[in-house]
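So you can see what is in the structure, the chains are spelled out below.
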Amino acid sequence: MLDYVWLVPLFPAVGFIINGLIGKRIDRRLVGWIGCSAIGLSFFFSILLFFELIQLPPASRHHEFEIFEWVVSGDFRTVIGYQVDPLSILMALVVSGVSFFIHIYSIGYMHGDPGYPRYFTYLNLFVFMMLNLVLANNFLLMFVGWEGVGLCSYLLIGFWFERDSASNAGKKAFVVNRVGDFGFLLGIFLIFTNLGTLDFTEVFHKAPSLDVTLATTIAILLFIGAAGKSAQLPLYVWLPDAMEGPTPVSSLIHAATMVTAGVYMIARCNVLYSMAPIALTIVAVIGVATAIYAASIGLTQNDIKRVLAYSTISQLGYMFLGVGVGAYGAGMFHLMTHAFFKGLLFLGAGSVMHAMSGELDMRKMGGLRRKIPITFWTFVPATLAIAGIPGFSGFFSKDEILWQAYSSSHGHFLLWAVGVIAAGMTSFYMFRLLFMTFFGQCRAPEEVKKHIHESPKVMTVPLGVLSVLSIIGGYVGIPHIFGGGFNKIGEFLAPVVGGHGEVAKGHAVFSFEKVAHAAEGGGATATAHGLQSASMEMILMAISVIVALIGILMAYVFYIKRPNLPGIVAEKGKTLYTVLINKYFVDEIYEFCFVDSLKSLGIALWKGFDDLVIDGAVNGVGHLTVGLSGVLRKIQTGFVQSYAFFMIIGGVIVVGYYMIRAIFY
Amino acid sequence: MDHLLSTIIFLPIVGVLVLLFINKENHSAIRVVAFVFSLVEFILSLPLFFLFNNATHEMQFQEVVPWIESYGITYHLGIDGISLLLVLLTTFLTVLCILSSWSAITVRVKEYMISFLFLETGMVGALVALDLVLFYVFWEVMLIPMYLLIGIWGDPKRRIYAAMKFFIYTMAGSVLMLVAILALYFFNLKATGIHTFGVLELYKTVIPVGTQYWLFAAFAVAFAIKVPMFPFHTWLPDAHTEAPTAGSVILAGVLLKMGTYGFIRFAMPLFPNAAMVFLPLICILAIIGIIYGAMVSMMQADLKRLVAFSSVSHLGYVMLGMFALNMQGVEGSVYQMLNHGVSTGSLFLLVGMIYERRHTRMISDFGGLSKVMPVFAVIFMIVTLSSIGLPGTNGFVGEFLILLGVFRSKIVYGVMAATGVILGAAYMLWMFQRVMFGEIKNPENMKLKDLNMREIATMVPLVLLIFVMGIYPKLFFTKMDVSVDHFLKGFKAKYEMKGEAPTPRLTSILTVESVRERVSPSSGTN
Amino acid sequence: MAENVVMLFQWLVFLGIALVCIFASIMVISNKNPVHCALWMVLTFLATAGLYVMLHSQFIAIVQVIVYAGAIMMLILFVVMLLDLEVELRSRLKFLYSKAIGGFFAVLLMLGIFYAVITRVLKGNVGSFTPEKVSAMGNVKAVGKVLFTDYLFPFEVASILLVVGIVGAVIMSKRREARKE
Amino acid sequence: MIIPTVPPSCYLVLGAILFTIGVIGALTRRNAIVVFMCIELMLNAVNVSFITLSRFLNSPHGVMFVFFVMAVAAAEAAVGLAIFVQLYRTRETINVDEINLMKW
Amino acid sequence: MGITVPQINFSIIAPELIISAFALVVLLLGVFFPRTGKNDYLGYVSLVGIVVAFLYTFPIMGKSQYAFNNMIVADGFGVFFKVIFLIIAFLTVLISIGYARRVDIDFGEYYALIMFATLGMMLMAAGTSLITIFLGLETMSIAIYVLAGLMRGDRKSIESALKYFLLGAFATGFLLYGMALIYGSTGTIILEEIAAYIKSKPELLRSPMIIMGIALLTIGFGFKVATVPFHMWTPDVYEGAPTSITAFMATGVKAAGFAGFIRVFFSALGAFQPDWIAIMWLLAVATMTVGNVVAIAQTNIKRMLAYSSIAHAGYILVAFVAGNELGTASILFYLLVYAFMNIGAFTVVILLGKRGEENVLISDYAGIGFKYPLLGASMTIFMLSMAGIPPLGGFMGKFYIFSAAVKAEYYWLAVIGVLNSAISVYYYLRVTVFMYFREPEREITGLTFSPASVVAVIISVWGVLYMGIFPSDILALAQRSITGLL
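Chains as they are written, first to last, in numbering that gives the first Met the number 0: chain Z, 0 to 664; chain H, 0 to 525; chain V, 0 to 180; chain G, 0 to 103; chain Y, 0 to 485.
Calculated from the structure, these hints are not laboratory results.
The beta-carbon is built from N, C-alpha and C at its ideal position, and this holds for glycine as well.
Careful: at least some of the hints might be erroneous.
Unchecked claim - If you anchor each label on the Cβ, the simulated ranges turn out as follows:
no., chain 1, residue 1, chain 2, residue 2, range
1, Z, L20, Y, I457, 31 to 39 Å
2, H, K448, Z, F43, 53 to 61 Å
3, Z, C592, H, E57, 22 to 30 Å
4, Y, R34, H, L19, 57 to 65 Å
5, H, I283, Y, E356, 55 to 63 Å
6, Y, F31, H, L19, 44 to 52 Å
7, H, L19, Z, V612, 40 to 48 Å
8, V, I165, Y, L360, 35 to 43 Å
9, Y, I457, H, I283, 15 to 23 Å
To be verified - Which bits of chain V does chain Y cover? Going by a derived footprint, with three or more residues having C-beta under 8 Å, they are:
no., region
10, 15 to 22
11, 106 to 114
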């Protein structure tokens, strides 16, 4: 059964091809149906595979299937091949599952759009690529998926290509991603150059032979790729702009799945990272810095999708913090829960927009909870989850990360502290969003107000499903202080990423020395510190919950109790506010440093160097010859005696030469 | 089957003869005849692919006929895995070019088709010639029809300049190669006593390092101009821009490959020691070309110029890969030659299609075409992505292998070249965006018609090829594996056999005394 | 003694003729009037004929007088008269420099020839056509014999050459006939 | 017994001088006929050299050469004068510095 | 003491005899049967003569027989050149038929003089003594002086005759002086004997007199083949002369000049090769460069072709410098192919003119390529061949020439040569630019193509293509022809 793994990506591919070729000519409903069922089947097979996999003993939960040889050149060989192991199947489940619901949602959301078939074509292509990314059994195929999702992201961001902002944003996303891919590509080269293979199994098998510097370099290069795809500092700039795409796209690609690919990749390459502590630290620091940086921007944004975008960046930062301290499982856990609640938040925002005739500015909303109750009630659990309120999924995963940030051998108190502050900001801006949108008076223009209506079933049902998932999704990873045996997800992932609890010791599939060592290291830390740290963990958890509550409270004070307070505060800290609302001016700086300077360099090279210097030299030779020709022809005066004169001169030269030879030789 | 290669070379000439007997006003008949001939040509070239023996590095389908006995010049043809693919590319692109000229060329159709068929003969001939003189003959023969294509059917404004520049520039480079060919011949004659211009025999000659420098330099300049490598590239934008669409396609698709092919077939295996000495220079120029081409390309206002500069960038990869001198680099490089032919050829075709509709190539005149020309947009997108080198398309496989190969042989070069990946995406997408996206600002663009069936028929094979080559490259790699491997082994073997290095004698005028020795007084009589 | 006198006499004659030659030729190139030039030219030729006599080439000397000084120069003179050419004026073109430089180079050339004919002159293959033999059989006869044996072929060629010259001269100087339609 | 006492060099030098005078004349004179005469002077100088060499080498070739040179000179003179006449008819001048219709 | 008549072997000089006989016949026919406006028949009679003479070259092919007291020889070299001259004469007569009538020079003397000139050329090639070569040269020259000025009413024609005559006579002076000095140093005028004498007396190698003789010969022959700086008559004379005669001069006179040049320098003075090699090197470079560079600025196609012929002389000098067998053979080959392409080009020039409107400016050629496609194509072939583009004869010619230079290890010379041929591409292509790329400013109408000229074009095209694609036989012939020369 596991051999049928290729079916998982196949269905979206089929959907893509069908919709792409004949989508325009067939009935719209059919298009949507094809798109959704392709993903649905894919989801279905993922579940089958999942159950197939957990039937197996944890040690042998690994299966590869090669379809055909792809690029073979000399000793270089890559295949189109997929692998099933806990990590990939988890990702496949998340991807196909979330996509499935978002596809359904999209049927409603996009129903009036002229590009409807195109939309589903792209979306199916995206899922296909994403599944390639997560199921690939080698770096190159992963890279294919990696670039493929980037392409889909580009296409979908620029879906409404008539809008300049949309096409600009798409291009920006692609190019920035390419910067990351550059790193990824170099990482791949380095891996192949040193290990002679790109197959995951073999690479991780041989990885221990690498020396630390090399491993660190590879790890950092791969992380550059991850940072590009997952919008980490300093390559995050494309993600906020990516909100130009249709909202379900933002939900699927720019929140739930694609952007988390970086986390997945690091988790996949945990062997390499565990060998390179410096790289890990970099990952963690970048992660936490991104978390607080993006959160701080999120505090002031008024565009509902932008807030969510920065929130996504911030949450991705958490995930990197998690994997950066060696807690790959925790990172993956947060990835999963985040997919649920962030996907939901975006879909909710989409529903709000749907109701508000496309309005995005929160300052023009308010009081929507009565008008679109389903949206509101599904929105709330997601908000609570992201804010880290105990009992909701986000709490479990985020807390796991924070705890690991503090306690892991790669962790540090500061990492934890910053993470907690960021968590506080998160709860503030999320509740700010909630309050501004759903509470208070409706500030929308009358016209819009009249049209506010709840979304159709096809949209609200996915909302409901996801809201359920946002609540219960966390219970697969209950911290061991609440009962050791319940961290199902850590247990499940352990064969691949090592790490958690008792199970870690037992895993056998990758029982190679270093891996085992790394895993045991993680495990040992946990157990050795188990007893003393239990109380510590409780304390830290409490602190973070309190911080989150303070955030909520402040939001309540600012946006419910005293709505004029934000203005005052903004006035007081004007500089800070300006910096924050303008996103630290990073876009402008980038524009100046990279875009403008590149353009002017291009022009300088073109006009200055190419036309003037090179072509100037080429034409110069030509002109010189022609000029010389013009000069030389003037010797030909037409007078017979001047010809004789030149003959004599030439004759004397000839004679002179001969005579000199005759005399001196 | 014995004379398959000859048939392929000279079939277009037969086509020319047939065309000569058609009334010049009868455009449709001329087009049909030219198309049929090119199609038959392509079909005839397919057996090369299917009957090709993957397992041997020997030249296949060889034909040897003495031509000029006193010099040992032979009419020697043959293909290996490297030239096989390029021959196919040539015959394939020619069909599409003729198809694409259907409505673009309305004046002097007969002369146009004649030029094109002549061009095909020259190109195929140069690719399959295994005798240096024969190669040189075909190499130059290519120039004339191309020159006419640019000069007669080109853009009225600067076509003459462009045509002249193209011709003289390439000619200036290749004449030096002629001298080098002769020098090589006489060197071999002296060393072995065999009169031959055959490449296969000359491969075996061990040449002193000092001599190799000069010979390699002469060959390299000729080929570098054709490629074109960085400081020799300025003929390219002009020629590309001014040429008619099909001319640009062939120019980019095949003619530029002659340069890179020349390196791999002649310059490198003949003079490996010199190649190694010049390697850093060539690599650095190639890298400069990659980045420079991309940067300049980014700012172009003219679509064709933009694509032309992108060729500079892409060909930089090809050169770099070749000089990586390992399997991945060289194979990637050969593959990238094909890719560039397919994707840049397609780009030119597409640009030609909108040029035909709007009679402008300025990017600023377009915008928002996606809306009115959705089919065009999709194809354009695919081709753009192929040019960027997106995985799944052909461009990726070549680019990846090249970079991998380069990275393996010298990391620094690999890293520098890889930056081109970023820039490539930037300029191509920006161009795409400016042409296809946004509002339609120019009212003239509102009325544009989408591609018709003929145009779609022209593009579909290319698009399919883009994907086939991207997804199942093995089909092509198996053809060239052994040949490339043999190339590398031969290179290495010859490199290690380097002869002792006496100083090259190039100052004959100063060595009259030695002439006197040679011509002793007694030899002056009859 | 007698030999010395002969020697001296020969030297005197030689120098006299040489001076006449040089003077006359300088007059040729310096005299403004073409007619005078032609006459000085005749003198040069006659003097040269004297030299030929001294060199025991009586036949050539005669031919020189008859053909050169007589026929050719008369022809030239005739044409000069026919064209009624005036005294040559100084050129309106500033040729002076180039003429001076040309003259200078000509002199250089002359010096080169001097060097060539004076220094290290090796005698060529000395033949048997000695003056003694020649005078024994008579100069004209000797020349004639060579001309009709060894030089038979060039002699025939010369006839063709003269035909060409005549035909050429005739056709060139014919007045352009009005084209008959 | 006649002994040549004047060495051949002297004759040859005289020839060279005459030749040079001819060259200078050909370079400086305006009148085409005079230029032609100067060229005849050059040929005459060559003839002197030929005869001298013939005499001192005791070989008949020089004499023969001179004989043919004279024939050539005659033919050239005939043709040349015809050209001058024709030139004068069409251009009304035979000054070589007025004849440069074709140049550059 | 009777006269011993030298061995007379008419078969050796059969072509010459036939040519002169026919020349006289044509001359007489022209005098006694003048048919004003219908004198074409004289041309056909000349053609017959040339063809007969051509046929009589076959019996003497492959032999090496001296005759007339070593004054003349029938060896491969001479015969090859004779073939070249006869082909040139044939083509010249062909293109004259029609053209001569157009410019009113179609009398018997015209064709007779062409044949006499051809005779002179043949003597230059076959002559083995200085006197034969000199007489041949003069016969040719005098005939050409006349032919150049034959358009008597034409101001340019007579001017070109004057210039050619004065400078030719001037150069003859140098040539003769050189011959005198060589004669003086060796005591003989038979080339073989000169060589033998030099061989027997090595001290002669340093004799200033003979070296001066060589220098003066260089000037004299340099003038005839138009090397820089003795080239300056070329453009003016070529421009002014009747176009058919220009073609004849550009090919025949040049070939004859080279025939004599090679014969004298290689047969007689081969021992002095080290002396003349460097100066020839210099002359070759200067000739190629000046010829090509100045040709660029020309607007008159005859003038342009004149400069191009100078450049071609430079290429041939490259082979001359190389001095090996290959070089000499390549000169023969090159001159033959040069004859075809150059006469072909001039024929096109002739065909594009009509009475009173010669259309010799390059700009007159605008649009010709499409108006007269075959004519345009032919012109393109000639131009490309002269530029040295394969697979045309010009390329093969250059290929052999440069291979000779490379073989002799004159690499820089070869490089300069090929770079020059790259420069030359510019002006040769300019003609095609006008023919194909430019719109005509004024219509050229009412051209009537003389069938004979068309035949000449066809023959030339055939020659250029044949020698480009199947050069093997002719090259082998050329290589056989020079055996025994060096």
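Hints broken by the structure, by number, lowest first?
-> 1, 2, 3, 4, 9 and 10
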